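2 protein chains.
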Amino acid sequence: MPAGNEFVDRVVEAQRAKQSLAVLGIDPQLDAPDAPGVPRGYTLARFCCEIVEACAPHVIAVKPQLAFFEARGLDGLRALAEVIAAARRCGLVTIADAKRGDIGSTSAAYAQAFLGGGEFGCDAATVNPYLGSDAIMPFLARVRAGRGLFVLVKTSNPSSGEFQDLEIVGGGKLWERVAGRVNGWGSEFIAAAGLSPIGAVVGATYPDHARRARSLMPRAIILMPGYGAQGASADDAVAGAREDGLGVIVNASRSLMYAYTKETGASPGAAASKAAAAMRRALNDSLRRRTKQSGAVGTG
Amino acid sequence: MPAGNEFVDRVVEAQRAKQSLAVLGIDPQLDAPDAPGVPRGYTLARFCCEIVEACAPHVIAVKPQLAFFEARGLDGLRALAEVIAAARRCGLVTIADAKRGDIGSTSAAYAQAFLGGGEFGCDAATVNPYLGSDAIMPFLARVRAGRGLFVLVKTSNPSSGEFQDLEIVGGGKLWERVAGRVNGWGSEFIAAAGLSPIGAVVGATYPDHARRARSLMPRAIILMPGYGAQGASADDAVAGAREDGLGVIVNASRSLMYAYTKETGASPGAAASKAAAAMRRALNDSLRRRTKQSGAVGTG
Chain A
6 MPAGNEFVDR VVEAQRAKQS LAVLGIDPQL DAPDAPGVPR GYTLARFCCE
56 IVEACAPHVI AVKPQLAFFE ARGLDGLRAL AEVIAAARRC GLVTIADAKR
106 GDIGSTSAAY AQAFLGGGEF GCDAATVNPY LGSDAIMPFL ARVRAGRGLF
156 VLVKTSNPSS GEFQDLEIVG GGKLWERVAG RVNGWGSEFI AAAGLSPIGA
206 VVGATYPDHA RRARSLMPRA IILMPGYGAQ GASADDAVAG AREDGLGVIV
256 NASRSLMYAY TKETGASPGA AASKAAAAMR RALNDSLRRR TKQSGAVGTG
Chain B
6 MPAGNEFVDR VVEAQRAKQS LAVLGIDPQL DAPDAPGVPR GYTLARFCCE
56 IVEACAPHVI AVKPQLAFFE ARGLDGLRAL AEVIAAARRC GLVTIADAKR
106 GDIGSTSAAY AQAFLGGGEF GCDAATVNPY LGSDAIMPFL ARVRAGRGLF
156 VLVKTSNPSS GEFQDLEIVG GGKLWERVAG RVNGWGSEFI AAAGLSPIGA
206 VVGATYPDHA RRARSLMPRA IILMPGYGAQ GASADDAVAG AREDGLGVIV
256 NASRSLMYAY TKETGASPGA AASKAAAAMR RALNDSLRRR TKQSGAVGTG
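Chains as they are written, first to last, in the working numbering: chain A, 6 to 305; chain B, 6 to 305.
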């Protein structure tokens, strides 16, 4: 068994120290005339960094969504580098929500981009499984160096079932086959608390899937998007947690970043902080109802 | 029937005018001590732009692989913007090889990034189908505005079969189901020569798949990666072309960009140009052997 994994160690330690499962997604929406993605008077970087700093006491990780930075060209990517640096300064785990995946040599370049030492380097990244194992292998080399991975297994969007739920001859749905492979890829990397750095994205809008995903990937950290704006409840979101409350982290993006639009006079940071604290509490309450054990995470 | 699509028009026109099916992939490999990704004495941008300009007479399109620019951080992305601008100046079609795909609002941001008017905006982009239709829809809005799309259907890497070849209950393999959806998405956008701007990526290392893909997606432009360094022959590469020689475009990256490493004293541009001319000729020869019609593309 290898000597652990820095990413898993940091997630587990942060979850225990902060009594939180919450991940702050940084998805700065595109500007529209009636709904500016960046509040008036802010730059993109200042807006995102204020949210990161304000939420830092309540969340364990920051997950920037690459699309919203790329859509803004070089200026956007400069802001991304600042956001990642700000999250680091706050001691937060960073997850590049990139959903990349390509043939081996190209995946190696993506792994260098998002799990390497450069401006966009994070502690973990999301990846897409459609190309199969050899698209994942270059990322595994980074896992060996302490990084983490979240493979898309069952996503939170309405049409996620179109391919992911197809029934495979011989048994199971496509996403369950992917889950089985994730479990296999992760089996050689078991780290702190028996968890693996090869995690999975499983949409929080599908709590039954979360429980099934847990049984197929007993050691994976499950990253649940979809809390808040995408409609998943706290009970849905913790459905895939282990008995000890570990193994699930829950992302909210718009419901934190844009909390200020629903609260007259609040700054983006102040409103996000309040919303993040409420999210943390709601998740812990759900977890407490679910797990009867004392000493579990849910005491915040 | 809509009034055509600028991307398809330009591809068909370029294919006829240049008598070429060739696409230049810009995949500047990462530097290694024994194999520099960027030749000594060159910047990344100068290297890539020299290749683009030198190959312009022989290829119809340039396909930058995003990973190799992202791996180099902000400097890399500045170079990407220069490469796209250089390809435009040369009158070449641009294809962002991004393989993106995410939930709707995020896909909309990716569509803005790669099919919008910004620094990274191209004429077409590659996308990943794993999330299903609603991840594709925001890209279709750009197709309505004249852009093109290439959906990953059957990729050229060794483990592409791991998920893509799974047999689905009710018939067909996963990639064939994806091909069926691509055909459906494209059916409302038929443009020049009866082709659709919703194309497909089908690995040239699998010529049988190319013929099957053609029958499942009669109107799709098939983008074939894998020619040259990945081992596909010219006969393999044109296997999915229509009778009139249209409907397939063939990418080579490393075999053009790094042709100079195999030819003492040649500049990167001169060696790439020679290799691109040879590729164009080989593809046309294969096409001529395949199609008996005169007046087809293969006369270069």
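Note that these hints are calculated values from the structure, not bench results. Treat the numbers as computed from the prediction; the structure is a model and nothing was measured. In this text, a Cβ means the ideal position worked out from N, Cα and C, and glycines have one as well. A few of these clues could be false.
[To be verified] DMTMM-like cross-link-like pairs, simulated, lysine to aspartate or glutamate; straight-line CA separation at most 25 Å:
hint : chain 1 : residue 1 : chain 2 : residue 2
1    : A       : LYS279    : A       : GLU11
2    : B       : LYS279    : B       : ASP139
3    : A       : LYS178    : B       : GLU58
4    : A       : LYS178    : B       : ASP170
5    : B       : LYS267    : B       : ASP249
6    : A       : LYS178    : B       : ASP240
7    : B       : LYS178    : A       : GLU167
8    : A       : LYS178    : B       : ASP39
9    : B       : LYS178    : A       : ASP170
10   : B       : LYS178    : A       : GLU172
11   : A       : LYS178    : A       : GLU167
12   : B       : LYS267    : B       : ASP39
13   : A       : LYS178    : A       : ASP213
14   : B       : LYS178    : A       : GLU58
15   : A       : LYS279    : A       : GLU248
16   : B       : LYS178    : A       : GLU55
[To be verified] If you want a taste of the chain A side facing chain B, the calculated C-beta under 7 Å gives, among others:
hint : residue
17   : GLY78
18   : ASP139
19   : PRO163
20   : VAL174
21   : THR266
22   : THR269
23   : SER272
Evaluated hints:
no.: 1; hint: LYS279/A / GLU11/A; in the structure: 30 Å, violated
no.: 2; hint: LYS279/B / ASP139/B; in the structure: 43 Å, violated
no.: 3; hint: LYS178/A / GLU58/B; in the structure: 48 Å, violated
no.: 4; hint: LYS178/A / ASP170/B; in the structure: 14 Å, holds
no.: 5; hint: LYS267/B / ASP249/B; in the structure: 35 Å, violated
no.: 6; hint: LYS178/A / ASP240/B; in the structure: 36 Å, violated
no.: 7; hint: LYS178/B / GLU167/A; in the structure: 14 Å, holds
no.: 8; hint: LYS178/A / ASP39/B; in the structure: 45 Å, violated
no.: 9; hint: LYS178/B / ASP170/A; in the structure: 14 Å, holds
no.: 10; hint: LYS178/B / GLU172/A; in the structure: 11 Å, holds
no.: 11; hint: LYS178/A / GLU167/A; in the structure: 11 Å, holds
no.: 12; hint: LYS267/B / ASP39/B; in the structure: 14 Å, holds
no.: 13; hint: LYS178/A / ASP213/A; in the structure: 14 Å, holds
no.: 14; hint: LYS178/B / GLU58/A; in the structure: 48 Å, violated
no.: 15; hint: LYS279/A / GLU248/A; in the structure: 28 Å, violated
no.: 16; hint: LYS178/B / GLU55/A; in the structure: 48 Å, violated
no.: 17; hint: GLY78; in the structure: 4 Å, holds
no.: 18; hint: ASP139; in the structure: 4 Å, holds
no.: 19; hint: PRO163; in the structure: 5 Å, holds
no.: 20; hint: VAL174; in the structure: 4 Å, holds
no.: 21; hint: THR266; in the structure: 16 Å, violated
no.: 22; hint: THR269; in the structure: 25 Å, violated
no.: 23; hint: SER272; in the structure: 24 Å, violated
The structure is inconsistent with the numbered hints 1, 2, 3, 5, 6, 8, 14, 15, 16, 21, 22, 23, although it conforms to all the rest.
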